[in-house]
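Colleague: We have chain A; now place chain B onto it with these hints.
Sequences listed follow chains A and B, in order. Mapping of the first sequence onto the numbering used here: position 114 corresponds to residue 114, and the numbering continues sequentially without gaps. Mapping of the second sequence onto the numbering used here: position 140 corresponds to residue 1140, and the numbering continues sequentially without gaps.
Treat the hints with caution; some may be incorrect.
[Unchecked claim] Straight-line distance between alpha carbons at most 27 Å, and here's what the computed DSS-like set of lysine-lysine pairs gives:
no. : chain 1 : residue 1 : chain 2 : residue 2
1   : B       : Lys-1414  : B       : Lys-1316
2   : B       : Lys-1414  : A       : Lys-102
3   : B       : Lys-1138  : B       : Lys-1151
4   : A       : Lys-98    : B       : Lys-1053
5   : A       : Lys-133   : A       : Lys-98
6   : A       : Lys-133   : B       : Lys-1257
7   : B       : Lys-1332  : A       : Lys-98
8   : A       : Lys-102   : B       : Lys-1332
If you are wondering where the hints come from, they were derived from the structure by calculation, not from laboratory data.
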Amino acid sequence: MTDLIPVLSDEELREINAEIAHVPVPAAVAIDALKIVQAHRGWVSDESLQAIARHLEMSAEELEGVATFYNLIFRRPVGENVILLCNSISCWIKGCDKLQAKISAQLGIALGETTPDNRYTLLPVTCLGACDKAPVMMVGEELHENISEQGLGDVFGEDGG
Amino acid sequence: MSGALPVLDRPLTRNVRADRSPTDMAAYEANGGYRGLRAALAMSAADCLQVLKDSNLRGRGGAGFPTGMKWSFVPMGDACSPGHKYLICNADEMEPGTFKDRLLMECDPHQLVEGMICAAYTLQADVAYIFIRAEYHKATRLLQEAIDACKAKGYLGDNILGSGYNLEMHVHSSAGRYICGEETALISSLEGKRANPRAKPPFPQVSGLWGRPTIVNNVETLCNVHHIIERGADWFQSLGLTADAGTKLYGVSGRVKNPGCWELPMGTPVREIIEEYAGGMEEGYQLRGFLPGGGSTDFLTVEHLDLAMDYDTIGKAGSRMGTGTMIILDDKTCPVGFVKNLTEFFAQESCGFCTPCRDGLPWSAQVLDDIEHGRGLPEDMDTLQRQVAFIGAIGNTHCALAPGAMEPIQSALKYFREDFERHIDGGSCPYCDGGNS
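Extracted from the complex, chain A is given alone in its bound form:
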């Protein structure tokens, strides 16, 4: 296996190994490792998944089972900014369905899709824990509260980004 070109960067390996330092077996950091690689590359490709599995001494199949279980591990490429639009009950009462239609029309993408310029991916997300400010969404790491249809222009720009 040593003749394979390493896929994980030194920085990724350093961060993953720091996690491994305080668990009993390397496979215990599977989720952390997936998140570390995703933070560097935006998503987890097949090649990344295999490299992580090898480093954690587990099968790629087992790691795939973990990766696909969690909503926020992306096994397909996403845009530079992931929009997480809350569609749980308090946001639904306050009209998140209409908001989603508006965002989709403005950006020209349905749920699960990425804009052609690769700037935005639109995904639904479970209750964001800001129900008193419904409807809410996250763009990247930023939470947007009490979103109105008019306010969307401020977030994405009048031309839809």
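Modeller: Just chain B now, with coordinates in the frame of chain A:
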């Protein structure tokens, strides 16, 4: 003193500022922070546990199990085989309609850390984890900063404040899955696996993370611990209006004038929370019902407004206090659409291990979708009732996700039956203009 208003003692939110800016180590200590830690270290672990038991603190994550009793099943001293013991904070707040732990962690991260150190000392745990949902970036950063500040002060690490007690603490950011809030699923996830709940027994207190004794508690529960140790069980009992002790973070969301989250005496009446704190309904909307504590609790209605919000009272009314964060159903929102939204959430978030949950919940969601869109048949009502009986039965599944998912359905069939029938008889949603469907 006649006419003077009682001063409300709000231990959990005393450091919460109006602008919600975080309280740092200096401000936290200036307001009495880490006195509880010193009080705990001056006592034996057994004495700390006794105070917790006497206080009648009950788990704030939703189940309301007595915290002291839960902890008493952890093997102590020579009864515990050599090796690690773990304390885990469940900060995976994802119950629909729940937004209280975010407030505690973003505004006063040191309170949670101090509560956890005192809890870990009581259990003689040597490793603690904060299992936090991925979307809580700000809280994750603030908690890590609080942990680092504690290490620098000698409140974490080896030989804490010269006591001989050692504790390390880590923040684990999750990757997004509701089922991680179930404590055995959380443990599976922390081990790097799919978050499938485990069969009990063995209970985590005996065999949890890596097969070692483990306690999992909610954020709000742990935030109470050092206050109780410092100020005593009697003080804590005196905070509540009913038999359930302490204060509670209550929340209201939906079409009310002032949605929000407030720390109030345990047992505050529902009406007071909705009408005084949440400001009552928005203009043009009437209250039809409410879920008392998150998406997996049974509806209550107008007739229940004068009940005390505590575990026993809400339980006797046929629901659960759950997380204490209410979701209001108004008269212009479709009850079928409301329940459909919740059921689709639970169907999506099922871990898929148990058949009644994996296959049953999507079936329920499909029946509700048919009714909502005017494709429902009269016999669908019986189908839903049968699903409630099968999927909702405790014991047909490993964990409580599926039974919890059935709670809003079964109570909607009870209180809003005529709405389901109007959809079926009329072949369309009678709310579709004013609602969200």
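Colleague: Tell me, which hint numbers fail for this structure?
Modeller: 2, 4
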